[in-house]
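Student: Following the hints, complete the assembly by docking chain V onto the known chain B.
Given next are the chains, with one letter for each unit.
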Amino acid sequence: MATVLGRPGARASRSDRQSGDRRPQSNDGSSSGRRLLFKAGDFAFLVCVGAATTVVAHLVHQLGWTFVPTCLLGMVAAMIVQTLLAVLASPVLGSIECMVPSMFVAMASPMVVCGIHLSGQEPTRSMGIVIGTVVAVGMFVFVQWYGRSCIAMLRNDIAKASN
Amino acid sequence: MSTVWDFRARFYDVCEASDLRRGSSKKALFRDMRGRILFVGVGTGMDIPHFPAGRTIVGIDISEKMLRKARPRARAYSGRMVLLRADAQNLKFPDNSFDTLVTSCTMCSVPDPVRAFREYHRVLRPGGRLLMFEHVRSRNCLLGLSLDMMTLWTRLSGTEMNRDTVSNARTAGFRITSIASVFLDIILSVRATKGATTQNESPTLPSNSVHPSPFTP
Numbered sequence: 001m002a003t004v005l006g007r008p009g010a011r012a013s014r015s016d017r018q019s020g021d022r023r024p025q026s027n028d029g030s031s032s033g034r035r036l037l038f039k040a041g042d043f044a045f046l047v048c049v050g051a052a053t054t055v056v057a058h059l060v061h062q063l064g065w066t067f068v069p070t071c072l073l074g075m076v077a078a079m080i081v082q083t084l085l086a087v088l089a090s091p092v093l094g095s096i097e098c099m100v101p102s103m104f105v106a107m108a109s110p111m112v113v114c115g116i117h118l119s120g121q122e123p124t125r126s127m128g129i130v131i132g133t134v135v136a137v138g139m140f141v142f143v144q145w146y147g148r149s150c151i152a153m154l155r156n157d158i159a160k161a162s163n
Numbered sequence: 001m002s003t004v005w006d007f008r009a010r011f012y013d014v015c016e017a018s019d020l021r022r023g024s025s026k027k028a029l030f031r032d033m034r035g036r037i038l039f040v041g042v043g044t045g046m047d048i049p050h051f052p053a054g055r056t057i058v059g060i061d062i063s064e065k066m067l068r069k070a071r072p073r074a075r076a077y078s079g080r081m082v083l084l085r086a087d088a089q090n091l092k093f094p095d096n097s098f099d100t101l102v103t104s105c106t107m108c109s110v111p112d113p114v115r116a117f118r119e120y121h122r123v124l125r126p127g128g129r130l131l132m133f134e135h136v137r138s139r140n141c142l143l144g145l146s147l148d149m150m151t152l153w154t155r156l157s158g159t160e161m162n163r164d165t166v167s168n169a170r171t172a173g174f175r176i177t178s179i180a181s182v183f184l185d186i187i188l189s190v191r192a193t194k195g196a197t198t199q200n201e202s203p204t205l206p207s208n209s210v211h212p213s214p215f216t217p
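Read top to bottom, the protein sequences are chains B and V.
Note that the working numbering numbers the first sequence so that position 75 is 75, with each residue one more than the last.
Note that the working numbering numbers the second sequence so that position 80 is 80, with each residue one more than the last.
With the rest of the complex left out, here is chain B:
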């Protein structure tokens, strides 16, 4: 019987229970406290990346160059900052676990800063930090939601393959 093991604590599907599959539904032997700590770490890391990359983009806009080179330089600088932060955090939070969601944050938050500049307004540094934090919180919520939907998605895959 094919099984999909997923989020720690996920309940066995009806078919799994009927088949007598007693394999624990979590493949992760870690405790709920430990998982909570990792979630808190992920959240703090994304907020750091969001704030830092937005501030970097903001500082690049202070150079007073024309719009397109400023945006390009801001994006490149933001990606460098994000990569450095991810490398620093990876021994604790995991390399892919850090790198993938934060890469999107590091792309999206500087884009918002550039968009504000394009609209003719001048965001302050604190506004930049708020923008970065909001994007990071959005990404964190998305990752949590997607993590849950992955279990059903993988279960469907196995079911299709079994048929």
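Take the hints with a grain of salt, since some may be wrong.
Covered stretches of chain B, as calculated for chain V (at least 3 residues, CB under 8 Å) [unchecked claim]:
#1 55–64
#2 88–96
#3 149–158
In short, the hints are calculated from the structure, not lab data.
For clarity, every value in this text was computed on a predicted model and none was experimentally measured.
Using N, Cα and C, we set each Cβ at its ideal position, and we do this for glycine too.
Tutor: Coordinates of chain V only, in the frame set by chain B:
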């Protein structure tokens, strides 16, 4: 290819220090290692502490420098562990040599993954198990795009972040029996089996074989 990994062996342990988070998932997967075991892509042996005790394991890697770093960890293992330099795409083992084949973050780095999976299929006995702890491309467009972008530079060091490893295993003839999400749909813990085949499988060594089965007396 081996030159790249010889170079990466110097700082591999620092870059791949994700054990704190993934260690328990690996341990849970490796608990299913049974019988004659082949571990493909043993690297510097960072996964060895997660192996269940008392098993007989053959570990292979393409990089001699990686194996050099893995040897002290293999010696500290409580079972029997043999390390050999070998290419995953061209395994020098006879057909049906192993009961379990294990990979851990290996299939992102093999140049031709389907060819490697066909080799795994060949060396596993019918009904043998394939255990994979692998990262793959996310099906979500945002996350998938991030992985595609990462691949632009990780490819330079021999790693593809956006492969569909589960499909590659299926293409080579494996039947996927379970998939566990370790991190979203990106890091997966996959169990597969080699279905019993009706073809006549030759138990003889391939002509280019240099590694006789380590389990034969």
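Student: Look at each hint and say if it fits the structure.
Tutor: Tested hints:
1. 55–64: Violated, because only 0 residues of the segment 55–64 of chain B bring their Cβ atoms closer than 8 Å to Cβ atoms of chain V.
2. 88–96: holds (count 7)
3. 149–158: holds (count 6)
Hint 1 from the earlier list is the only one contradicted by this structure; the remaining hints agree with it.
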